[in-house]
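Trainee: Read top to bottom, the protein sequences are chains L and A. So this note's numbering is basically just the index in the first sequence, starting at one, shifted up by 170. So this note's numbering is basically just the index in the second sequence, starting at one, shifted up by 4.
Any given hint could be a false lead.
To be verified - Sample of chain L residues at the chain A side, in silico, Cβ under 8 Å:
id : residue
1  : 272
2  : 333
3  : 337
4  : 350
5  : 353
Bear in mind the hints are in silico, worked out from the structure with no lab data behind them. Ideal Cβ placement from N, Cα and C applies to all residues, glycine included.
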Amino acid sequence: MTADYIVLGPVELALAAGLVVLTGLLALVLRLGVAGRLFIAAVRATAQLAVMALVLKALFEMASPWLTALAVAVMLGFAGREAAARQGHKFAGWWTLGLGTSAMTVAGLLVTLFALTAQIKADPWYDPAYALPLLGMILGNAMNGVSLALDRLSGEVIRERPAIEARLALGHDRWQALAGPVRAAAGAGLIPVVNAMSAMGLVFIPGMMTGQLLAGVPPTQAVRYQLMIVFLIAAGTALGVLAVTLAAAARLTDGRHRLRLDRLRGDTGV
Amino acid sequence: MLEARDLTIRHLGPMRLSVARGVCIALSGPSGAGKSLILRALADLEPNGGTVTLDGIERERFSAPEWRRQVGYLAADAGWWAATVGEHMADTDAARALLPRLHLPDDALAWAVSRLSTGERKRLALVRLLIQAPDFLLLDEPASGLDPEAAGAVDTLVQAHQAAGAGILLVTHDVHQRDHLADRLLTLRDGTLAATTASDTRSRVEAPA
Chain L
171 MTADYIVLGP
181 VELALAAGLV
191 VLTGLLALVL
201 RLGVAGRLFI
211 AAVRATAQLA
221 VMALVLKALF
231 EMASPWLTAL
241 AVAVMLGFAG
251 REAAARQGHK
261 FAGWWTLGLG
271 TSAMTVAGLL
281 VTLFALTAQI
291 KADPWYDPAY
301 ALPLLGMILG
311 NAMNGVSLAL
321 DRLSGEVIRE
331 RPAIEARLAL
341 GHDRWQALAG
351 PVRAAAGAGL
361 IPVVNAMSAM
371 GLVFIPGMMT
381 GQLLAGVPPT
391 QAVRYQLMIV
401 FLIAAGTALG
411 VLAVTLAAAA
421 RLTDGRHRLR
431 LDRLRGDTGV
Chain A
5 MLEARDLTIR
15 HLGPMRLSVA
25 RGVCIALSGP
35 SGAGKSLILR
45 ALADLEPNGG
55 TVTLDGIERE
65 RFSAPEWRRQ
75 VGYLAADAGW
85 WAATVGEHMA
95 DTDAARALLP
105 RLHLPDDALA
115 WAVSRLSTGE
125 RKRLALVRLL
135 IQAPDFLLLD
145 EPASGLDPEA
155 AGAVDTLVQA
165 HQAAGAGILL
175 VTHDVHQRDH
185 LADRLLTLRD
195 GTLAATTASD
205 TRSRVEAPA
């Protein structure tokens, strides 16, 4: 297949990198103290993307369901770890990691499978050239939503403990008693996606669409792709946020409708 | 009869205690001994071990919400979850009927929760519980922070519920309230409960005649 997009060679890339070097020199001269960090970040991005390119190339060529599954597992693992690391209040044991990872697994896999079978119709359906970028997009956004929702829920439950226990004491069940925090957590988890969707096309051209436009795809086609991805991202994030919020609310209470802050680590005032 | 046998909560117990209908029992003991913990455990808000029964029926036979509507617990710092007082009341007519008995005006149900004083919060939280007419009342410092007149109104209302057949377990540091309301005294010390008769407590001696 001949490429009908403008091929990027090493020289063009080096010129772009030169801009970063120039910026770094400027930072050095002005003694901003960020030159070192800028340099390291640029080198990291280069190394990470280079490795990713090699891994993706190998995966795409082999198109093995097992290796694709392994890549999916690794992505889910990193997403779970990243979401868990951002929590202000962690659950005792492995629950923070477990809740976040399971919610993202359910949401990411469901939505990606749906897209692969209903819209992309790739052959074979697990074709890593489609499955991995799709999952990556969905997971990256779901991860933000899930970690925000989880963090908000535990914070809110700790802060609202007297109100929650007052409701329980009056005979409300645990879902009634946690209605406020659950709503706040779900809202917090969905804010980034809702904001992004609202500003899209007005304030910024989404990254994926920019890539397609530069690659010579007609704007109307690029927009269709972008919209599909946005809807998938929104659905995946919403699903992940909902799953993690309800599961964490269940974990913070028990079958006898008691608030169980003892299941969080550290000082929660219990 | 509300009865607990072999009750254990965290490091406390095993303890045994029972509250009959129409009887008020005061629970005393040093701060931090776990008095509130006992009330919370009886309301099943705190994980606990042992057998707790209501009129001989084990607690596990009730759903937790059913149990708590019959064994009503009032926390010392009861929380609020909505904007106005009225939104917290399961029955606004019943609530309105109780307001004057606690020296609260008719329009108190329209008040914003964020603007309540400590004393108003305390009394309105009691109203919120009493309108559900629980068979047993677990009251944690129901009159702390109230002026003597309002505290007296709380006592009178609690006594009326007792006379109507409610069993009451009361935690209070107010010696006067304790001696005024309690038929029996229980003391919690070092994780165990002991009965004390009202006449041989120091409080009785110290209380003003």
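Trainee: Can you give the numbers of the hints that this structure goes against, from lowest to highest?
Mentor: The structure conflicts with hints 1 and 5, although it agrees with all the remaining ones.
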